[in-house]
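Protein chains in written order, with the working numbering: chain B, 43 to 140; chain Y, 50 to 592; chain R, 3 to 143.
There could be a bad hint or two in this list.
[As the list claims (entries may be wrong)] Here are the computed lysine-lysine pairs in the PhoX-like style, where the Cα-Cα straight-line distance is at most 20 Å:
no., chain 1, residue 1, chain 2, residue 2
1, Y, K338, B, K52
2, Y, K86, B, K52
3, R, K109, Y, K79
4, Y, K146, Y, K126
5, B, K52, Y, K126
6, Y, K146, B, K52
7, Y, K338, R, K140
8, Y, K86, Y, K294
9, Y, K86, R, K109
10, Y, K559, Y, K542
11, Y, K338, Y, K373
Hints listed in this document are in silico derivations from the structure and should not be mistaken for laboratory results.
These numbers were taken from a predicted model, which means no experiment stands behind them.
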Amino acid sequence: MKILTGNDLKTGAVVWWDGVSWSIHVEDAVDAGESADDIAAREEALRRVNVPYAIEAEKTENGIRPAHIKDRIRALGPTVRPDLTLKPADPEAGNWVI
Amino acid sequence: MYRYDHYDQAMVDARVAEFRDQAQRRLDGKLTEDQFKPLRLMNGLYLQLHAYMLRVAIPYGTLDSRQMRMLADIAEKYDRGYGHFTTRQNIQYNWIKLEDAADILADLATVEMHAIQTSGNCIRNISSDHFAGAAADELVDPRPYAELLRQWSSFHPEFSYLPRKFKIAVIASESDRAAMRLHDIGIRIVEKGGMLGAAFYVGGGMGRTPMIAPLVRDFVPLDQLVTYAEACLRVYNRHGRRDNKYKARIKILVHELGAEEYTRQVEEEFAHLLGQGIEPPLAELERIKDFFPDPAFSTDAPTDIDRSDSAFALWVDRNTHPHKIPGHASAVISLKPVGGIPGDATAGQMRLMANLAERYSFDECRVMHTQNVVLPHVRMADLHAIWTELEAAGLGSPNLDTIEDIIACPGLDYCSLANARSIPVAQRIQERFAETGRTEVLGELKLKISGCINACGHHHAGHIGILGVDRKGVENYQLLLGGSEAQDTALAKITGPGFDEEGIVDAVEKATDVYLDQRQGGERFLDTYRRIGMTPFKEALYG
Amino acid sequence: MAELLRFRDDEAVDHPAVTVDSFLGQSNANAVRIEPGDDARALLPHLDQVSLVEVNFPVFGDGRGYSAARILREAGYTGELRAVGDVLVDQIALMRRCGFDAFEPDKPLDDADVETALARWPHVYQPTTDGRVPIRTKRHE
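Next comes chain B alone, as it looks inside the complex (with noise of 0.2 Å):
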């Protein structure tokens, strides 16, 4: 699946199309699919998102896995880091990036 990502103008959080608008979460992420190019440019003239792309993914039994592990990372956040990730209670959360 084609799931899309940017960054949020004001705060720089790391977010994902959901479909209506933008989560944090990347398991709420949508297929965007054809329409991925047309929603990153509308959402970035519309200062909702900063600098949308679009990336491959694949839905697993735990959820959207991002294909690279850039993606992975930002996802969770640092793995140098587990409190300040998006699971800080889950110390096996880092291996999920690899």
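Fit chains Y and R to the supplied structure of chain B, relying on the hints for placement.
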């Protein structure tokens, strides 16, 4: 330390107002991201993996306690309680909001700090010797010259849209503690016939095409220093490549023209510029020098210390550097605890360092390009008290210049340019060597890790270097040997095929095995490598 | 047509500028246009016949035109020096310092933004031919 006068303050305040206006125009949609990007970069604001990142300039690495406390306050108020000291003596914050950026700059301006030109295709913050003003081997304190160049390069009307970034380092001793020849311009203050002047090395750099800067002029009189720099920059701005960002650094221009032809063009431009009134009056250099007097050192400070506590004695041996005044030392605070993040410090640790600087080091501390902090002027009699406080705060690691004192860029944990993570590799190596007790046995061994070819982690200049690459979406690490960023500047060579994360830690250990097996006398790792060459290491690694 | 922003009192040249090559190949033009790769110094022997030099910025990040401008002013050129192309409001204060006295941006600039930008800097660190007294001189007066 240099202090702003009302002119400097007015310029920094104007910059804050300018950036506030620019950020607002971006938020209002009057600027596109493409237009805003170079403007925010020239104020140190990046968009990284998880958030905006702000890089704050620490001119020539020098800070007083008030400034260090402000860095701590910013970490707490606007970030997540910590900051990262960088290989160019700056600090960066990883979790900044665009809406807060102008307020942070305003806070910094209250303590004579800023983020001006800490990124972008302009002249970056000037770096220098972290032991400036303290080292026994320096000719003069290099920082007044760095400050003179800081003012010249700030908001430069002609050089704000260069082909690529431009880094300058200034030193004034034979020992090079600033990787001077790996800068776009490296300046060494030298003496000739009783006169001071500057030797210019131009066209060095790391990145994807590492180069050691050739000497372009062995002596520029001090009253022509700025004019010569202007000539070097003008030739670059006019003729540096702009067709390919990977070939846009001045090192490529100097390499393609040849040092001789580049020098000829600089000299021609210099001859022209000498008639243009570019040079500040010598009175200005004298004014700046007056800000860097020797502190009021005690002339009879005791030189012997109680070494009965072996942990303390080890720290003294490892982490202090000889001072020009008897009974004093420069004490290095290691930001490399085993398993920690190289260069990171919490707000609390920053405040402790500020307190120690205030109490024991004439209110001064310095950021080192090795991502540590030094208290430049402490009495040997105070070392035990300092060490005790550092130990309690997790800052007492006795590992300066050892294999645990790893330089590592933020890597793929934070950086949008990275191809692989650097920090976890640094941590695994530290842990391996701390566990086996090898660290001290190996002695001086500088290990440097970059998470991509841009080489922020100085891997080309490591006795052992590691470069993270992306191999079909999997992190892979190449091993390099034999680099140095000291006065014996050398570029490391790659050993062969790369390794995975576990494999690279083993590979580093194997390389150190070869060294321990082959070393003679008091050889360091680098000395042994230079004597025996790459082959024995390759055999051990791949044989 | 892009709007022309001009800081001169004389009459603007009203015919198109020629390229550096064609200027050097003929002797009667008085308006010439410098592209980023052109050598501004090639014009120096002919400055007395030139009334307008346009310096083109095809992309705002290409800063060669700043050097071209200073070289012409340092050689004593007093005619119009016009920055054209991808010229943005955040650049014009520096361009003024380099000697530009006219701007013809692809996208017209907001008047209020221009005024703010040009009034931004109370002092300057570097001397240029614009005559502003740099800080390092003011300090020792």
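- Is the hinted pair Y/K146 and B/K52 satisfied, with a Cα-Cα distance of at most 20 Å? holds, 6 Å
- Given hint Y/K294 paired with Y/K86 - CA-CA distance at most 20 Å: Since the Cα atoms of Y/K86 and Y/K294 sit roughly 16 Å apart, the hinted pair holds (cutoff 20 Å).
- Is the straight-line distance between the alpha-carbon of Y/K559 and that of Y/K542 20 Å or less? holds, 16 Å
- Given the hint that Y/K338 pairs with R/K140, does the C-alpha gap stay at or below 20 Å? holds, 18 Å
- Query: Can the restraint linking Y/K86 and R/K109 be considered satisfied, given a maximum Cα separation of 20 Å?
  - Reply: Given pair Y/K86, R/K109 holds - Cα atoms ~18 Å apart, limit 20 Å.
- Does Y/K86 pair with B/K52 here, judged by a C-alpha cut-off of 20 Å? holds, 14 Å
- If you draw a straight line from the CA of R/K109 to the CA of Y/K79, is it 20 Å or shorter? With Cα atoms ~12 Å apart, R/K109 and Y/K79 stay inside 20 Å; holds.
- Query: Taken at face value, is the distance from the CA of Y/K373 to the CA of Y/K338 at most 20 Å?
  - Reply: Holds - the C-alpha atoms of Y/K373 and Y/K338 are around 18 Å apart, at most 20 Å.
- Item | Distance restraint between B/K52 and Y/K126, which requires alpha-carbon spacing of 20 Å or less | Status holds; Cα separation ~17 Å.
- Item | Restraint check for Y/K146 with Y/K126, where alpha carbons must lie at most 20 Å apart | Judged against 20 Å, a Cα distance of about 12 Å means the pair holds.
- Task: Take the C-alpha atoms of Y/K338 and B/K52, compute the straight-line distance between them, and say whether it is at most 20 Å.
- Result: violated, 43 Å
Consistency with the previously given hints fails for number 1 only.
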